[in-house]
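**Q** Given the coordinates of chain A, work out where chains B, C, D, E, F, G and H should sit on it, guided by the hints.
There are 8 protein chains.
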Amino acid sequence: MSDRRLRELLEGVRDGSCDVDSAVGRLRHMPFEDLGFAKVDHHRELRHGMPEVVLGQGKTVAEVRAISAKLLERSPNLLVTRATEAMFQAVQELDGHAEFFPRSRAIRVWGDRQERGKAKIAVVCAGTSDIAVAEEAVVTAEVMGNAVETVYDVGVAGIHRLLHRLDRLNSARVVICCAGMEGALPSAVGGLVSVPVIAVPTSVGYGASFNGLSALLGMLNSCSSNVSVVNIDNGFGAAYVATLINRL
Amino acid sequence: MSDRRLRELLEGVRDGSCDVDSAVGRLRHMPFEDLGFAKVDHHRELRHGMPEVVLGQGKTVAEVRAISAKLLERSPNLLVTRATEAMFQAVQELDGHAEFFPRSRAIRVWGDRQERGKAKIAVVCAGTSDIAVAEEAVVTAEVMGNAVETVYDVGVAGIHRLLHRLDRLNSARVVICCAGMEGALPSAVGGLVSVPVIAVPTSVGYGASFNGLSALLGMLNSCSSNVSVVNIDNGFGAAYVATLINRL
Amino acid sequence: MSDRRLRELLEGVRDGSCDVDSAVGRLRHMPFEDLGFAKVDHHRELRHGMPEVVLGQGKTVAEVRAISAKLLERSPNLLVTRATEAMFQAVQELDGHAEFFPRSRAIRVWGDRQERGKAKIAVVCAGTSDIAVAEEAVVTAEVMGNAVETVYDVGVAGIHRLLHRLDRLNSARVVICCAGMEGALPSAVGGLVSVPVIAVPTSVGYGASFNGLSALLGMLNSCSSNVSVVNIDNGFGAAYVATLINRL
Amino acid sequence: MSDRRLRELLEGVRDGSCDVDSAVGRLRHMPFEDLGFAKVDHHRELRHGMPEVVLGQGKTVAEVRAISAKLLERSPNLLVTRATEAMFQAVQELDGHAEFFPRSRAIRVWGDRQERGKAKIAVVCAGTSDIAVAEEAVVTAEVMGNAVETVYDVGVAGIHRLLHRLDRLNSARVVICCAGMEGALPSAVGGLVSVPVIAVPTSVGYGASFNGLSALLGMLNSCSSNVSVVNIDNGFGAAYVATLINRL
Amino acid sequence: MSDRRLRELLEGVRDGSCDVDSAVGRLRHMPFEDLGFAKVDHHRELRHGMPEVVLGQGKTVAEVRAISAKLLERSPNLLVTRATEAMFQAVQELDGHAEFFPRSRAIRVWGDRQERGKAKIAVVCAGTSDIAVAEEAVVTAEVMGNAVETVYDVGVAGIHRLLHRLDRLNSARVVICCAGMEGALPSAVGGLVSVPVIAVPTSVGYGASFNGLSALLGMLNSCSSNVSVVNIDNGFGAAYVATLINRL
Amino acid sequence: MSDRRLRELLEGVRDGSCDVDSAVGRLRHMPFEDLGFAKVDHHRELRHGMPEVVLGQGKTVAEVRAISAKLLERSPNLLVTRATEAMFQAVQELDGHAEFFPRSRAIRVWGDRQERGKAKIAVVCAGTSDIAVAEEAVVTAEVMGNAVETVYDVGVAGIHRLLHRLDRLNSARVVICCAGMEGALPSAVGGLVSVPVIAVPTSVGYGASFNGLSALLGMLNSCSSNVSVVNIDNGFGAAYVATLINRL
Amino acid sequence: MSDRRLRELLEGVRDGSCDVDSAVGRLRHMPFEDLGFAKVDHHRELRHGMPEVVLGQGKTVAEVRAISAKLLERSPNLLVTRATEAMFQAVQELDGHAEFFPRSRAIRVWGDRQERGKAKIAVVCAGTSDIAVAEEAVVTAEVMGNAVETVYDVGVAGIHRLLHRLDRLNSARVVICCAGMEGALPSAVGGLVSVPVIAVPTSVGYGASFNGLSALLGMLNSCSSNVSVVNIDNGFGAAYVATLINRL
Amino acid sequence: MSDRRLRELLEGVRDGSCDVDSAVGRLRHMPFEDLGFAKVDHHRELRHGMPEVVLGQGKTVAEVRAISAKLLERSPNLLVTRATEAMFQAVQELDGHAEFFPRSRAIRVWGDRQERGKAKIAVVCAGTSDIAVAEEAVVTAEVMGNAVETVYDVGVAGIHRLLHRLDRLNSARVVICCAGMEGALPSAVGGLVSVPVIAVPTSVGYGASFNGLSALLGMLNSCSSNVSVVNIDNGFGAAYVATLINRL
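Protein chains in written order, with my numbering: chain A, 755 to 1002; chain B, 755 to 1002; chain C, 755 to 1002; chain D, 755 to 1002; chain E, 755 to 1002; chain F, 755 to 1002; chain G, 755 to 1002; chain H, 755 to 1002.
With the rest of the complex left out, here is chain A (with noise of 0.2 Å):
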């Protein structure tokens, strides 16, 4: 029901000419849709000041463009995460600032960089082939408005690397942490820290590790509690849950 057709029908009520009883009975069966309930979603995306996110993949690039361009004119800040070289090129020609991250397929805006979240985010990876996937997390993150702290390259296989970075680790209000293979990186690190750790399992491996079902599964039974997980090579979205808690 549109503002309008509400506003008739308190009219009517007031003016008589519609009665209390089949004004409650018309409410009652209007189709509540039209209540604006998209309103009151999009205010819940305002509230968490999220720059408009794109899904490249499955996407054409004219479509992709098109999307972006209409949410260029309401937003300083767009993410296309999982895209193509040419699209890239299509969203470069509406926005110059626009950036390309080859390694993790992301094209990125950030016209509005100012800081929303308390303190940082450390994005920390297991070994080199998984910084595809934290890649996609730092970018997520930083245009989402957080600061974010690196640390590349500590396998639990050499944990003396992790330790050397303790404290940029315990600088961190949230930790995303990446691996592929065995995944275990997250428990190491989960029982280092005394903040949540958001658990990325990446498909980097072979064999055994099937695609990442591996480190998955691995992640699942970390046995330090402050560890939760999200999908494979899920980048994107450990960056949205941290960015979440970092704003609180």
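Everything labelled a hint here was simulated from the structure, so no lab data went into it. Please note that a few of the clues may not be correct.
[As the list claims (entries may be wrong)] Sample of chain F residues lacking proximity to chain C, with all beta carbon distances greater than 12 Å (derived):
1) Gly766
2) Gly770
3) Leu826
4) Phe855
5) Pro856
6) Glu903
7) Thr904
[To be verified] Pairwise CB distance ranges (calculated):
8) E:Glu762 / D:Gln846: 55 to 61 Å
9) F:Lys872 / D:Gln846: 49 to 55 Å
10) D:Ser829 / H:Ala840: 53 to 59 Å
11) H:Ala840 / G:Arg867: 57 to 63 Å
12) G:Arg867 / H:Arg867: 41 to 47 Å
[Stated by the list, open to error] Capping the alpha-carbon separation at 25 Å, the derived lysine-lysine pairs in BS3-like fashion look like this:
13) C:Lys874 / D:Lys874
14) C:Lys824 / C:Lys813
15) F:Lys824 / F:Lys813
16) F:Lys874 / E:Lys872
17) H:Lys872 / G:Lys872
18) G:Lys874 / H:Lys872
19) C:Lys872 / D:Lys872
20) A:Lys813 / A:Lys824
21) E:Lys813 / E:Lys824
22) D:Lys872 / C:Lys874
23) G:Lys874 / H:Lys874
24) B:Lys813 / B:Lys824
25) D:Lys874 / C:Lys872
26) H:Lys824 / H:Lys813
27) F:Lys872 / E:Lys872
28) B:Lys874 / A:Lys872
29) D:Lys824 / D:Lys813
30) B:Lys872 / A:Lys874
31) E:Lys874 / F:Lys874
32) F:Lys872 / E:Lys874
Source: prediction; values computed, not measured. From the three backbone atoms N, C-alpha and C, an ideal C-beta is built for every residue, glycine too.
**A** Then chains B, C, D, E, F, G and H, alone, in the frame of chain A:
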């Protein structure tokens, strides 16, 4: 290296009975754990302010009793998860205020009820069979110093029941969401709130639920970006993560 | 918003004590659940004309008894699935006409036997061990107001037995087809009839049947296009879907 | 045994040129298919009133062209699923009115547009990436004589979008519901409508979606009892089942 | 249609009391099973010369007793697989010569000991724990009229033990090979003999044997081309196939 | 120990240059393979009368050419499975009579066409897409000296098509049965014939067929006791087993 | 061929009663097992110097007693794995020095305590629940003649505890590492030591640990290159491999 | 803490400018990594005497070139695994003695050929397709200072071929055993030798080999107790473990 041994070494340096070079050498080759990392770790636990927690599963009644006795000496709060009735009786002899929660099989001594969280934690569950897991989350969250709001029996097949409780959900700083079968609830809840959602798949279901695998996969693939996941039936872990978030 | 509160608001508008603008605003921001969606949902249940159903599994005898008592107050029919002998005795005390079906572990009170389906539902099963699941479908379909035709023990290894019963199959408006092991029966049945076939994989089998997984996969891959599938051992669900179809 | 041959045999009996014993013998040992079962089968197809359908996958362009030519001789409608652009060009040469749907890779000749269904079929999908599968369902349902209502992009993470379209859902006699990732949509839709819901898991997603396995398991475990499931990405099959239901 | 009814129809045609057209019609619409397909099927069983077999699993003692009584009326041999001690006592009351094999849980009445196979069947097994499955194969093969040679405890980890028995293997017309754990034995045996090898994976093992899955996959991937496989623990099925081969 | 060396040793014994004790010792410790087991093995191959077979997959064109050249020197028949067009051209240069079967990717030189089997092998397949695998079985069975009868496109969804061909099935001494998707055909065929059925699951299908896993599990769980199974898409292996049976 | 028979043959050659040609022939065609390969095998066992080991699982008490009695006649050491209390009592009657380890369910007679390993074997485990498996490794390693150093309760979530014990780890020639849940410990240990690490996944955990699968996959994907893996819960196997390494 | 900083602190203690208490405090809270653990780690690598290894997969040619250049400065040996032809050309420009192994995709610079192992490592493989993985093991083992003996094409289907090479197997101090398909070879080899066997499952096979899963499970369930397992296709890891064993 205990305090004493380190002190002796330094006194030797001060006294001249040990020259700097050999002191450097001895420090260099000392097992670093002697430098008191256990204490650091101990500090970390104190910093968390978490009560001691015992996993009952795989332990004998005597073991649970002994550990509980030791822990109750230094902490007014105690949690034993996955416990038995017999374990409860043993703990009750130690502390008459011990409570037992048969559904979730948790034993709790809740002497210090000071609230340490910044706001409420909402614990949501889909069906009545999921309450066992939700209860473990509630009992844990409470004993760790959080105010808890429960929203039970709001599965996605009756979405209006969930919408009815939107206010309760929106009053929480973090939401724990337990569901078995298709595990769809966190996606729906995640779309309605603007705070982190910790999803707990439960082993409730039969046939192709494969003891919680179905719910687990569903939650990992959630289309709501504010969802992260813990292990199947891990109400304790969800409450632990939620507590850390609620204290930030 | 209860009826009373809505009525007060509208009376305020009529009386002029509340102007239209503020009434629009209050309606706009009212929690929509207060508009009576539970009632809408209630209507939906009435519209279905389905009897109340209780899932016995995971409930205590006392809980089943209490719920059943409440339901029997407002409905002449009751179904408790996955029940125990003890649950049956409790329900029997409430209603002496209660029946128990040990094979399928179903309790039924069947007071209102009016037929509501347009035609018959055929329930087919492959081996004698599948009868437990088939029986759950039969008991459910009957108590929901359908005439049921059973065609048992017609596995594909003896295809002539199935062909013998073709007339019974062809007299049905919808066919429920239960099979374990290789789950091939729905494909054969689907090729012989021109109505929808609801396939129910059963956990009957051993070894590589993996508790019904083999039958489930077989049915999902059926080369007969008129087959859709429900969960392993879910005779109830199949009958529910079949009832909806039979009432169309 | 064709009509003619059977008639000749019986005329032989009548004429005395064939005695009863040898007629019994010949009938007994005749392949029963000669008694016209092929025709029965043919009748079944006619009774269904379904257009001919060709599965493009695994066939050459020449094969698709040849089969299509033959089918178009006796039917004004044709559907080729999982086809290629090259197949479309071949079919278009046969019939200039052929349409191609690149997203769902379907070729359709829709000469006879008579509506045979009793009411509308609603085709619902969760995300924009699921539209490919939904489109296959739409194209199939239309060419089989159904009015179709589409409700796209109504994933459970934005439940209000789904509620907005409740009227469209409620106008349908059967609902097809396509979703990838966690596959939660059919549960939510199933709770809102009182008609059968055919759930189609899609292979949309990544990581732990395991090419649609996650959505498939979710749908099989749906807490909405009016949901049955077809194979991953099987929009065609869902539309076939829905058509049968809509004609009842 | 029994012989009698068919004969009456034809006599009517001969007599003129039934014209050809209506005879065609009646034959066309007669359920074809009446043409004696059940009898054909019956003949097939007779042709096999197989004794009647009862699957004990999932049946009550009373049911097994009743079926056995009926079968023993018309056959001197009986096999009940996956039976219990109680079932054995019931069968023993019917026939004092009944034997029970506790390891394989088989009941056998072996009245007719005529050899029907052309040569011997060798039953080979890897470890002592596999003997339960091997015994089911032996008991079955014997009661179906085969001479059986057993070669037990010849796992591939002690290949010389297998080579020791090469003469026994080479005297067989078909080899049944039971193995759990890695299931490697059929490959080794298959390379040593020039006859068909029926491989039976057993559920013997622990951990990553996954209840026989490991052995099953191993056997399906055998590098010996003369190996085919039956279900996990299916000694009966292997003996059935071997019997058919041995009678050729 | 070659013939020569063994002879020398024995001549030493005869001549007295080697005493019995040391001869026993040398024989005892001689590597037994020198006693000519390779020859035994060679005899086994000759006894089988099988042509040489080359697995093309994983080999270069040059390797296939070299091996084929060597094999063709001593055998009039050659089979290369899973070959490429380029491999065929290389083999054709060696022997102008070489045939290529693109669907099954088999190369065959069939010089010696003598029939060695006792009767026919029937090769049955469910859908047209399964023909590639069936063809591998046919090509293999023929080149190994069997008469082959093919029965294609007789899936269980149109059971009458299978019944139409019952005579062909019944004329065979062993049946090879290829099917993808739900893999139900071997159960139906197994119930209709009284000879061994070798089931070949094919990777035909999509979604929950999981590349043939669905068909494989279905066949392993067949309710027809005369069915044994080979690896997915292994038409060659099925023909090999069938050949051994057909020669018995 | 026994020694005697071989000797007779050679004496015949020496005596001239058997000519060389026929002796070659007889040796050529003798079943090679008669040449004493069992003895060779027996030698191999003696060379290993391993005590006799009995797998209790799947054997009756009587069988375990009988086998143990026989083994104790010729060896001062005995190990029965996966045994029961009743088996222990039976063995204790045979040898009063028998020990029982209830956690690991091992029975040990340890008469000969001579150390045969070159250095120590370290047995490390992650949590207290893993001790059952670790104990099986310890008991096995000891009875096979190794000095054993245990390092328990050093999970990666408290990495400092592991570092505390670095000296113990570094004193070992081979490390056995038992862990359930995420199975991360071998990666951390492997990075700290420069000797082979034998990883034993345990079935400790719940939910997505899938009875040890999670730990198994984690260990197979270890980023530490000095890790190899044995079956889930296979403490015995790990100790066996470690013993072989420690004796090199 | 660098040497310099530690020295300054100690000099302060000696000089009296820093008292013992504050020195203890500073040492207690110093990040321990500053104490030179990286150096310790460096020492560990030197102690191993292992050449530097680069994983080519997931790196660019430029990255491989840069890393290789740096490593070649301080080591005469270099190994790049899972490399490309282009990577080889880049490395060859750095060092003209670089070799490329196309089958295993390994690049090797083998300047220092000193043997460091105590005896030979045997590398065994089942089929010719497994040679790629075996070659990676050989190339790795050689460059790490081991003499290597290869025993190829000795699958269990032709067990005599394996027995022929028993002497080669028995001359090794550790055996690496590569096999795909059913992965049975390590069990057979393990039974023939008295040294540790490192089993490498390969992804060779099709259908139910599931990319090496079948071989992996087979090897984990080996009935030979001297077998441990590494990841699928991990020839490098097997050689690394074998090298450590061979140096003991």
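**Q** Determine for every hint whether it applies to the structure shown.
**A** Taking the hints in turn, this is what the structure says about them:
1. Gly766: Label holds. Min Cβ-Cβ 58 Å, cutoff 12 Å.
2. Gly770: Non-interface label on Gly770 (chain F) holds, nearest chain C Cβ at 64 Å vs cutoff 12 Å.
3. Leu826: holds (41 Å)
4. Phe855: Check passes; 25 Å lies beyond 12 Å.
5. Pro856: Since the minimum Cβ distance to chain C is about 25 Å, Pro856 (chain F) lies beyond 12 Å and the statement holds.
6. Glu903: holds (20 Å)
7. Thr904: It holds; Thr904 (chain F) is separated from chain C by about 19 Å at its closest Cβ, greater than 12 Å.
8. E:Glu762 / D:Gln846: 55 to 61 Å: Between Glu762 (chain E) and Gln846 (chain D), where Cβ atoms are some 59 Å apart, the hint holds.
9. F:Lys872 / D:Gln846: 49 to 55 Å: holds (53 Å)
10. D:Ser829 / H:Ala840: 53 to 59 Å: Hint holds: Cβ distance 56 Å, inside 53 to 59 Å.
11. H:Ala840 / G:Arg867: 57 to 63 Å: holds (60 Å)
12. G:Arg867 / H:Arg867: 41 to 47 Å: holds (44 Å)
13. C:Lys874 / D:Lys874: Distance ~24 Å between Lys874 (chain C) and Lys874 (chain D) Cα, so the pair holds.
14. C:Lys824 / C:Lys813: It holds: about 16 Å lies between the C-alpha atoms, which stays within 25 Å.
15. F:Lys824 / F:Lys813: holds (16 Å)
16. F:Lys874 / E:Lys872: Status holds; Cα separation ~20 Å.
17. H:Lys872 / G:Lys872: holds (15 Å)
18. G:Lys874 / H:Lys872: Cα-Cα ~20 Å, so holds.
19. C:Lys872 / D:Lys872: holds (15 Å)
20. A:Lys813 / A:Lys824: holds (16 Å)
21. E:Lys813 / E:Lys824: holds (15 Å)
22. D:Lys872 / C:Lys874: holds (20 Å)
23. G:Lys874 / H:Lys874: holds (24 Å)
24. B:Lys813 / B:Lys824: With a Cα-Cα distance of about 15 Å, the restraint between Lys813 (chain B) and Lys824 (chain B) holds, given a limit of 25 Å.
25. D:Lys874 / C:Lys872: Status holds; Cα separation ~20 Å.
26. H:Lys824 / H:Lys813: holds (16 Å)
27. F:Lys872 / E:Lys872: Answer holds: Lys872 (chain F) to Lys872 (chain E) is near 15 Å, not above 25 Å.
28. B:Lys874 / A:Lys872: holds (20 Å)
29. D:Lys824 / D:Lys813: holds (16 Å)
30. B:Lys872 / A:Lys874: Holds, because 20 Å separates the two Cα atoms, which is no more than 25 Å.
31. E:Lys874 / F:Lys874: holds (24 Å)
32. F:Lys872 / E:Lys874: Within the cut-off at roughly 20 Å; holds.
In this structure, none of the earlier numbered hints is contradicted; all agree with it.
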